[in-house]
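A.B. asks: In numbering that gives the first Met the number 0, the protein residues as written are 0 to 356.
Just to be clear, a hint being listed does not mean it is correct.
[Claimed, not checked] Capping the alpha-carbon separation at 30 angstroms, the derived lysine-lysine pairs in DSSO-like fashion look like this:
hint, residue 1, residue 2
1, K214, K186
2, K327, K209
3, K327, K308
4, K59, K218
5, K218, K186
6, K214, K199
Keep in mind the hints are simulated off the structure, nothing from the lab.
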Amino acid sequence: MSSNALKRFNELSKELENNLGKPYFSWFKADKVWMTLQDRFFNKSGKRFLNLYEVMLDNKLSQMDKEWVLLELAKEIATLHSNQREEFQLHGFIHPCNIYISFDEKERPSDVILADAGVYTSIGPQNFLRHFHDIIQGTLTLDESLKNYANAIYLSPEQQDPSSFSLVNYRSDIYLFALIAYYVFIKDNYSPSADVDWEKLPLSWRGFIKRALEKDPLKRPEDFEELLVLLKQPELELVFSNKSLKSKGMTDAIDQLVNLKDVFSKVNIEKEGAEVKGEIKQTFDYAKKLFNMSKWDLAKREYEALNEKFPKNALVLTNLAIASFELKEYDLARDYYTQSKEISPQEARRYREHILS
0 MSSNALKRFN ELSKELENNL GKPYFSWFKA DKVWMTLQDR FFNKSGKRFL NLYEVMLDNK
60 LSQMDKEWVL LELAKEIATL HSNQREEFQL HGFIHPCNIY ISFDEKERPS DVILADAGVY
120 TSIGPQNFLR HFHDIIQGTL TLDESLKNYA NAIYLSPEQQ DPSSFSLVNY RSDIYLFALI
180 AYYVFIKDNY SPSADVDWEK LPLSWRGFIK RALEKDPLKR PEDFEELLVL LKQPELELVF
240 SNKSLKSKGM TDAIDQLVNL KDVFSKVNIE KEGAEVKGEI KQTFDYAKKL FNMSKWDLAK
300 REYEALNEKF PKNALVLTNL AIASFELKEY DLARDYYTQS KEISPQEARR YREHILS
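Please work from the sequences and hints to get the whole structure.
C.D. replies: Okay, structure coming up:
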């Protein structure tokens with residue numbers, strides 16, 4: 000973008016910010032878009048991250064990488080939904096060219112970034128300038144310029160029919176996520192009118208993707224919660240256990256991956272000469288995920304089961320104390336805290352820090 004174009008873009012962006020009211024752009028941070036783009040999509044050497052479309056062309060992702068990328072994308076979408084679900088935060092802007100992926104020195108994906116800085120990152124600066132007044136007047140609709148640019152393949156049914164625009168909501172993003180997942184796994188675009196070989200999709204993803212691609216928005220999943228079962232796969236967990244994921248500053252619907260090695264060392268599970276049983280791994284993993292998601296009742300149930308298998312474990316007891324406190328079971332919380340403190344005062348300190356935060 001030339002300096003003159005950037006100047007004009009910033010001027011129009013500020014005007015747009017002063018004329019908010021159209022739901023598609025009420026979250027648009029106009030005067031920070033360009034810096035946000037630079038900060039998020041370029042590495043330290045100034046090279047732009049590859050987008051998902053480019054990555055798929057290069058065939059850079061293993062099956063495990065694909066699953067991890069999709070789970071990270073789900074986190075990005077869920078984070079925006081949890082921030083302000085009623086706003087039109089993303090609807091229509093989830094596209095392979097808007098999903099950026101950085102890779103580490105071993106050529107494994109290390110970060111997934113969804114372009115969420117506004118319409119600029121979705122339709123490009125020139126299109127933004129050309130359609131600015133249409134945006135202000137509310138005449139730019141998804142079945143016109145945006146549809147032509149973003150490709151109707153990556154719009155939900157309700158986004159392609161003007162008579163259905165009132166149905167566009169967060170479930171539209173669930174549909175778009177499923178389109179992306181289908182594309183990633185099968186390397187082809189989904190078409191409702193074509194015969195689909197669902198067997199090509201991984202079994203653990205198949206049910207969610209099929210329901211998410213329902214034409215009726217009300218028949219689609221409401222969120223990504225059922226994808227949590229995928230995070231119970233030990234092999235997926237271990238592959239990415241050492242990644243350092245950036246905090247989004249708010250509670251994600253799907254929490255970052257946990258280093259299983261650290262978890263098991265803390266709970267003193269020793270299985271010399273043999274692997275820890277997969278069921279135990281999954282239980283600890285699932286309990287941790289629920290705990291980090293603040294699903295206190297479900298987390299408490301999982302940790303109670305673990306407490307029976309591994310009594311007098313400070314980590315388990317402390318998490319039980321925190322979950323009980325959040326469920327307003329204060330006497331029980333105090334009892335768990337006391338037990339944990341007797342075993343490990345340092346570990347039990349997390350309970351005090353939690354209730355005082």
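A.B. asks: Next, verify each hint and record whether it holds.
C.D. replies: Checked hints:
As the CA atoms of K214 and K186 are separated by approximately 22 angstroms, the hinted pair is consistent with the 30 angstroms bound. In summary, the hint linking K327 to K209 is not supported, as the alpha carbons are separated by about 39 angstroms, beyond the 30 angstroms threshold. Proximity of K327 to K308 is assessed by CA-CA distance (about 25 angstroms); at most 30 angstroms being required, the pair is judged to hold. A C-alpha spacing of about 34 angstroms is found between K59 and K218, which places the hinted pair above 30 angstroms, so the restraint is violated.
A hinted pair counts as satisfied when its Cα atoms are at most 30 angstroms apart, and K218 with K186 qualifies at roughly 25 angstroms. Between the alpha carbons of K214 and K199 the distance comes to roughly 21 angstroms, so the proposed pair stays at or under 30 angstroms and holds.
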